[in-house]
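Peer 1: Line by line, the protein sequences give chains A and B.
Numbered as in this note's numbering, the first sequence ends at 707 without a single skipped number.
Numbered as in this note's numbering, the second sequence ends at 462 without a single skipped number.
Bear in mind the hints are in silico, worked out from the structure with no lab data behind them.
Here a beta-carbon is modelled for each residue, glycine too, at the ideal position from N, C-alpha and C.
Warning: the hint list may mix true and false statements.
[As the list claims (entries may be wrong)] Which residues of chain B face chain A? A partial, calculated answer using Cβ under 7 Å:
1. 219
2. 222
3. 224
4. 227
5. 287
6. 289
7. 311
8. 315
9. 319
10. 363
11. 364
12. 373
13. 398
14. 419
15. 422
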Amino acid sequence: MRITKRAATVALLTAATVAMTGCSASGTSSDSADAAACEPAEGKVDLTFTSWIPGIEEVVDVWNEANPDIQVAVQTGPNGNGGTYANFFNQLEAGNAPDLGQIEYDALPNFRVQDGLVNLASCDGVMDAKADFVDWTWGQVSFNEDDAVYAIPQDSGPMAMFYRADLFEANGIAIPTTWEEYATAAEQVRATGAYITNFSQSDINQFAGLVWQAGGTWFGNDGENWNVDLTGDESIMVADYWQDLIDRDLVSTQPPWTTEWDNAYNTGAAWTWNSAAWGANSIASGAPDTAGKWAVAQSPQWEAGDEASGNWGGSSTAVFTGSEHPYEAAQFALWLNSSSESLTMLNEAANLYPAAKAGLDLPVLKEGVEFYGNQPIYDEFAAASGQVSSDFVWGPTMTQTYNDVSDGFKAAVSGNGTLAEALTTGQSATVDALKAQSIPVKE
Amino acid sequence: MSALTEPVAVPTKRAMRRAENTPKGPKESPLSRVGAMTVMLVFTLYFLIPIWWLFVAGTKSSSQFTSTNPLWFADFNLFANIGNLIAYRDGVFLKWMLNSALYAGAGALLATLFAAMCGYALAKYRFPGRELLFNIVLGGVLVPATALALPLFLIFSQVSLTNTFWAVFLPSLVSPFGVYLTRIFASASVPDELIEAARLDGAGEVRTFFTVSVKLMFPALVTVFLFQFVAIWNNFFLPLIMLRDETLFPVTLGLYAWNSQVNQIPELRGYVLIGALLSIIPLIILFLLLQRFWRNGLGAGSVK
Numbered sequence: 265m266r267i268t269k270r271a272a273t274v275a276l277l278t279a280a281t282v283a284m285t286g287c288s289a290s291g292t293s294s295d296s297a298d299a300a301a302c303e304p305a306e307g308k309v310d311l312t313f314t315s316w317i318p319g320i321e322e323v324v325d326v327w328n329e330a331n332p333d334i335q336v337a338v339q340t341g342p343n344g345n346g347g348t349y350a351n352f353f354n355q356l357e358a359g360n361a362p363d364l365g366q367i368e369y370d371a372l373p374n375f376r377v378q379d380g381l382v383n384l385a386s387c388d389g390v391m392d393a394k395a396d397f398v399d400w401t402w403g404q405v406s407f408n409e410d411d412a413v414y415a416i417p418q419d420s421g422p423m424a425m426f427y428r429a430d431l432f433e434a435n436g437i438a439i440p441t442t443w444e445e446y447a448t449a450a451e452q453v454r455a456t457g458a459y460i461t462n463f464s465q466s467d468i469n470q471f472a473g474l475v476w477q478a479g480g481t482w483f484g485n486d487g488e489n490w491n492v493d494l495t496g497d498e499s500i501m502v503a504d505y506w507q508d509l510i511d512r513d514l515v516s517t518q519p520p521w522t523t524e525w526d527n528a529y530n531t532g533a534a535w536t537w538n539s540a541a542w543g544a545n546s547i548a549s550g551a552p553d554t555a556g557k558w559a560v561a562q563s564p565q566w567e568a569g570d571e572a573s574g575n576w577g578g579s580s581t582a583v584f585t586g587s588e589h590p591y592e593a594a595q596f597a598l599w600l601n602s603s604s605e606s607l608t609m610l611n612e613a614a615n616l617y618p619a620a621k622a623g624l625d626l627p628v629l630k631e632g633v634e635f636y637g638n639q640p641i642y643d644e645f646a647a648a649s650g651q652v653s654s655d656f657v658w659g660p661t662m663t664q665t666y667n668d669v670s671d672g673f674k675a676a677v678s679g680n681g682t683l684a685e686a687l688t689t690g691q692s693a694t695v696d697a698l699k700a701q702s703i704p705v706k707e
Numbered sequence: 159m160s161a162l163t164e165p166v167a168v169p170t171k172r173a174m175r176r177a178e179n180t181p182k183g184p185k186e187s188p189l190s191r192v193g194a195m196t197v198m199l200v201f202t203l204y205f206l207i208p209i210w211w212l213f214v215a216g217t218k219s220s221s222q223f224t225s226t227n228p229l230w231f232a233d234f235n236l237f238a239n240i241g242n243l244i245a246y247r248d249g250v251f252l253k254w255m256l257n258s259a260l261y262a263g264a265g266a267l268l269a270t271l272f273a274a275m276c277g278y279a280l281a282k283y284r285f286p287g288r289e290l291l292f293n294i295v296l297g298g299v300l301v302p303a304t305a306l307a308l309p310l311f312l313i314f315s316q317v318s319l320t321n322t323f324w325a326v327f328l329p330s331l332v333s334p335f336g337v338y339l340t341r342i343f344a345s346a347s348v349p350d351e352l353i354e355a356a357r358l359d360g361a362g363e364v365r366t367f368f369t370v371s372v373k374l375m376f377p378a379l380v381t382v383f384l385f386q387f388v389a390i391w392n393n394f395f396l397p398l399i400m401l402r403d404e405t406l407f408p409v410t411l412g413l414y415a416w417n418s419q420v421n422q423i424p425e426l427r428g429y430v431l432i433g434a435l436l437s438i439i440p441l442i443i444l445f446l447l448l449q450r451f452w453r454n455g456l457g458a459g460s461v462k
């Protein structure tokens, strides 16, 4: 951001000397929006909305049809980290950000510390909607502050375990319900020549989901200072657990989302995947030859009898600072993310798994899924969603944190260092990054 | 005019080639010859295998994509894949290809014209500050286009031109390298006497430029056009920053956007592959058509 800001200053100076126009950009990119100003406008309102969900246009069309006074123009592009977040920041700087934008939970704090989000708490109906959303998703958008809502939760990625039901049964291996059993099963699976799963060296948010399940959290904010805690007890426990499996060659360590990785699942070389609800489609497309052989169970637990789940992914709809119509924008965001009509369409178009409670009972999410032997797998995810802790908090520089931890993980899976050491490195790198951006951080 | 230049250029090249082949030249050992061929072969493979892979991948159905040999064919589904790609989302891919063709075609054409006029003026007219101007342009060659994208975005924001056709088109019209090349080429290949003669015959400066000088500078102009066309066609960062409206995307940005959504919509992977294959075809055609001029232009610029 430092470079961006400097480039921006240079550009603004250039613009001023060329005298292209009289009005200055800094005038429009206002300070944190006044929460009290959330009033309905008179007459027709036009809103702009940027998202990267393919097919969201049809959903917005439905809204536009029903709400002639609040017309939304939607634009799609690359996903958040693929450029859309950078664009949002540029647009906030230039004062022409859209009214609404899609932001993943782990990126919200970044926008929050840059004063890019409107607090919607005073907008009519927003606080009342709290009960309509799964608790933890509301925690993600309110940062667990009172009287604060910085976005409306859209989708979520509660985690469970995908497993090859046929292979477990044919080899007489019990489905693990605890991580201890999972490690035992890993040995048995390895004895057949396959791996129980692949440990992802670059999906750090998946690892965060596992820490989340274990009851840990990576960040905290006491209202003044950020607290970075990548090396808490739970994180180290999870890291040591997977390090042990890697050391004993009980899990494979292929880079995820590659053809080799798909192929391992397709050929039965990998038997389980601890992943999110949206992962159901990834297996179905990556391993088409295994149709009908998969099933879904709750994630293995750290203590037998526990009921805890993690979350991987999910996004929200935020209203940007500078929007002239936060009231109407909030109404649209609420409809988009809690009406069953919209949620059904979003699920069909892009497999979004809703964050709204009512969304978990959508008819499409109650049906048996053919690829999973007609198991109604989303029942498992609905149960998992209810078990996700509300306490997990993301930091304001997640891209940097992911990169640093991922570098360490990549080294660790090739034998240099350990996962726990990677977290330690990530910890100090993150503290440095926060300081470099003048974000107050507790040592 | 081109009839005049060619007989001059071609015999020289032939003569050079003859000189290489005659035994008079320094003797080349068979070993170094084999070595050179091997190196070239390795590099040819290095550059062609990804394209081969892309072509093979484009012919496969999505289920065979992961499960079959990546460098050899399975069932031939190329045309079905192309059909699906074009049908997807009401043919938005074709729209992107057209956008790219428009940005790159019209942009490169105008950029070449501007560069030619500028380079010609710098080469043939004497005026105060000429060298300074040229040096500033040369400095422009050193600034990567990527570094300019963000400042451009902020400037375009001031005049509300972001997310429009012009946001990508206008910056594409500038080619400092083109100015450099045309200046060098103009001073070498457009004789002052010829311009004098044209003036004596009563032609205005503009007419002289278009009827006499442009024809003499043609190889350089083709080179500039090709350079600029490829640069605009492959330009990714500027559209990424400037454009939000999918219908304005060039094909690079569109495919990138799809690729970033593959985790959510797995069938997009197939579309990205086949789309990437189709998107390089215009470049290949252009190179095949213009490579003769291209070689001339490159040689001329470098020697002088």
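Peer 1: For the hint on residue 364(B), just tell me whether its beta-carbon gets within less than 7 Å of chain A.
Peer 2: violated, 28 Å
Peer 1: Is the interface hint for residue 287(B) satisfied, with its Cβ closer than 7 Å to some Cβ of chain A?
Peer 2: Violated - the Cβ of residue 287(B) stays beyond 7 Å from chain A, reaching only about 19 Å at its closest.
Peer 1: Report holds or violated for the interface hint on residue 422(B), using the least CB-CB distance to chain A and a cut-off of 7 Å.
Peer 2: Because about 5 Å separates residue 422(B) from the closest Cβ in chain A, which is inside the 7 Å limit, the hint holds.
Peer 1: When the nearest CB of chain A is found for residue 373(B), is that gap smaller than 7 Å?
Peer 2: violated, 37 Å
Peer 1: Just to be careful: measuring from the Cβ of residue 311(B) to every Cβ in chain A, is the smallest value less than 7 Å?
Peer 2: Because about 6 Å separates residue 311(B) from the closest Cβ in chain A, which is inside the 7 Å limit, the hint holds.
Peer 1: Given residue 315(B) was flagged as interface, is its beta-carbon under 7 Å from a beta-carbon of chain A?
Peer 2: holds, 4 Å
Peer 1: With chain A as the partner, please determine if residue 222(B) meets the hint condition of a C-beta pair closer than 7 Å.
Peer 2: violated, 9 Å
Peer 1: Restraint: residue 419(B) near chain A, CB-CB cut 7 Å. Satisfied or not?
Peer 2: holds, 6 Å
Peer 1: Identify whether the interface hint at residue 319(B) stands, where standing means a beta carbon of chain A within less than 7 Å of its own.
Peer 2: For residue 319(B), the interface hint is violated, since the closest Cβ of chain A sits about 10 Å away, which is over 7 Å.
Peer 1: Identify whether the interface hint at residue 219(B) stands, where standing means a beta carbon of chain A within less than 7 Å of its own.
Peer 2: violated, 10 Å
Peer 1: With chain A as the partner, please determine if residue 224(B) meets the hint condition of a C-beta pair closer than 7 Å.
Peer 2: holds, 5 Å
Peer 1: Given residue 398(B) as an interface hint, is the shortest Cβ-Cβ distance to chain A below 7 Å?
Peer 2: OK, holds: residue 398(B) within 7 Å of chain A, min 5 Å.
Hints 1, 2, 4, 5, 6, 9, 10, 11, 12, counting from the list given before, are not met by this structure.
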